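> Chains as they are written, first to last, in numbering that gives the first Met the number 0: chain B, 0 to 283; chain S, 0 to 361.
The hints are simulated quantities; they were obtained by calculation from the structure and are not laboratory data.
Values in this document were obtained by computation on a predicted structure and should not be read as measured data.
A virtual CB, placed ideally from N, CA and C, is assigned to each residue, including glycine.
Keep in mind that the hints are not guaranteed to be accurate.
[Stated by the list, open to error] With a straight-line cut-off of 25 Å between C-alpha atoms, the simulated DSS-like cross-links for lysine-lysine are:
| no. | chain 1 | residue 1 | chain 2 | residue 2 |
| --- | --- | --- | --- | --- |
| 1 | B | Lys146 | S | Lys219 |
| 2 | B | Lys146 | S | Lys237 |
| 3 | S | Lys158 | B | Lys146 |
[As the list claims (entries may be wrong)] One side only, chain S facing chain B, incomplete, derived with CB under 10 Å:
| no. | residue |
| --- | --- |
| 4 | Leu78 |
| 5 | Glu82 |
| 6 | Lys219 |
| 7 | Asp228 |
| 8 | Ser238 |
| 9 | Lys347 |
| 10 | Ser348 |
Each chain, letter by letter, is given below.
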Amino acid sequence: MRREAPQRLADYGPLFFPAMMLIVFFVVPFATMIAVSFFQRQQGGFYVPAFELSNYQRFLSLFFANVLGFSLMLAIAVAICCVVLAIPFTYLLTRMARKVQIIWLVALLSVLSLSEVIIGFAWSTLFSRTAGITNLLVMAGLMSEAKALLPSFGAVLTGMVYQAFPYTVLVLYPALVRLDPTLTEAARTLGASPIKAFFTVVVPALRNTITATLIMVFIFALGSYLLPQLLGRPQHWTLSVLITDQAIYQSNMPFAAAMAVFLVLVTLGLVALTVIAGRKGEAA
Amino acid sequence: MTEFLKQNIGRRAVLGAGLAGVSMLAMPSILRAQDKSLKVGVYGGYFKDSFDKNIFPEFTKATGIAIEAVAEPTGEAWLVQLEQAAKAGQAPADVSMMSQVSMLKGQATDLWAPLDVAKIKNASNLIDRFVNKYPDGRVAGIGAVSWYITLVTNTDVYKEAPTSWEAFWDPANADKLGLLALVSNSFLLEVTAKTYLGGTNALDTDEGLEKAFAKLAEVKPNVRLWYRDEAQFEQALKSGEIPMGQYYHDVTGLAAADGNPVRSTFPKEGGIQDSGCWALSRASQKVEEAHVFIDYMSQPSIQAILSRKVGTSPTVKRELTDLTAEEFAAVSSDIEPIIPRYDLYQTKSDWLNQKWTELIVG
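Next comes chain B alone, as it looks inside the complex:
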């Protein structure tokens, strides 16, 4: 079948519905948020329409810069951990028998059905002193006494990687399945070890997929606000936690909106940088 470029207005018809949905459920709420971020906060009340920059001014402080920095660092760490774990995993998965693949994929999909709350509470139990995995190590004689592994940065990272891992695999899976097996075979014939073939042939061939996956997991992790609260100390709270505090508990919508807008801008900036860097890499 040959695809033709749309000629008349009616050819764009099928696009109207998704476009409308996008406008109603994304563009309008987002525009509202941007507008509210300039409104004037009435302490002890709500907010009134105005145009002022004080909400952004309040955000521009060392304190919030640290929180923002930590949030970005955490999201990047989660993205890298997920991709580093998921590429070899998915690669090996695609080499397995069809049946085994299906079982693994169903298991991963079932993890997606768990809510963040359940994941958080499950990990907080696993990392606890009284009922956690250290008790098993004590039983096995590897540790002298059980100890709590949370709250800690490691606990937050583990919980978030666990949550994002299935997405990572599902995004990588189609690309790896479609990867031409003759590429690795050629590398092997030319004398490369399986590991060398993996790093010199498979990984470079997947560069765009990997970049896209990193960005997706990064953005996914940036929005997390429950796991840092359940598994971390206050210094591990992300900007999203503080936004929730402002919006829900302080009813300071203008400030919450300003923080959210700022977070979106920084995220878009980072994504743009990644894409540009990727293009330059290709050109070189």
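Using the hints, position chain S against chain B.
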């Protein structure tokens, strides 16, 4: 929990019937009011369920006013909705149970219709602080329920109950505390002021607040968990994972009654007493019914039922209720409570929130 709710059913029926009779004699006009109704906003979940089961049916029986219970979201979302609706002349609920900070915020925009105390005979039963007034003396709300946040401990880890909030500052308790995460619901500034600065009046000035923050900063190394989610702390307290902290007195009592190794202690400085008010939206057309409802809820007998069934502390004077010493101790204490400085959370909320967040996150 279920056992707690099951006890006294016989007594409740007797009380209900008695109240029904008395109320009808006292308010003959009610007998004609079969088609009257009132929308009442109550915190969704446990509160609403308890009220639907234990309070509202008896009220309708007694007064003929049908109640339509509306589940309120927590936080200030409900206040925002009431406010927006009132501007449009609508009332999503006529009477709502509101937190003290929401009462003050509503006062700022004249959201609450002034109540006529002459029509609320039982208002004289109330402890004075449970009558919420506008600065000019008009009555904005009447105490609905109150509850205590106390010092709780795991009995396996702490054989002896602590006696003072000072336990939070004890270096021996490093990394053992679970405290509420927000300045406006933990009321730890008030606790600090009462324990170390001679009373909550010390928070009147900015210097006093700074001092309280500085003193509170010393607690930080002892805190393992700053919780927003109650279930998270309750679980950790029961298991001994986090053996000390602040928590709700009645819920801790219920957990102990279920056999968990936990206890709630009223420190010598007093427990923190928080409360909710009944307030009438200015957009409501049901002014008469609202007064009847608030009057009904302010009866000592109804407050006693709330204490037994819902676990709240009475807003009326203790001696007017028929609560036994044991029943009273399950929900309250005679030790003078620490009353939160709600005014600060209205006038200085952003500053307090910023200082607080920097204190615990920084």
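> Confirm or reject each hint.
Results of checking the hints against the structure:
1. B:Lys146 with S:Lys219: holds, 21 Å
2. B:Lys146 with S:Lys237: holds, 17 Å
3. S:Lys158 with B:Lys146: Since the Cα atoms of Lys158 of chain S and Lys146 of chain B sit roughly 22 Å apart, the hinted pair holds (cutoff 25 Å).
4. Leu78: Hint on Leu78 of chain S: holds, closest Cβ of chain B at ~8 Å, below 10 Å.
5. Glu82: holds, 7 Å
6. Lys219: holds, 9 Å
7. Asp228: Result: holds, 7 Å to nearest chain B Cβ.
8. Ser238: holds, 5 Å
9. Lys347: Holds. Min distance 8 Å.
10. Ser348: holds, 6 Å
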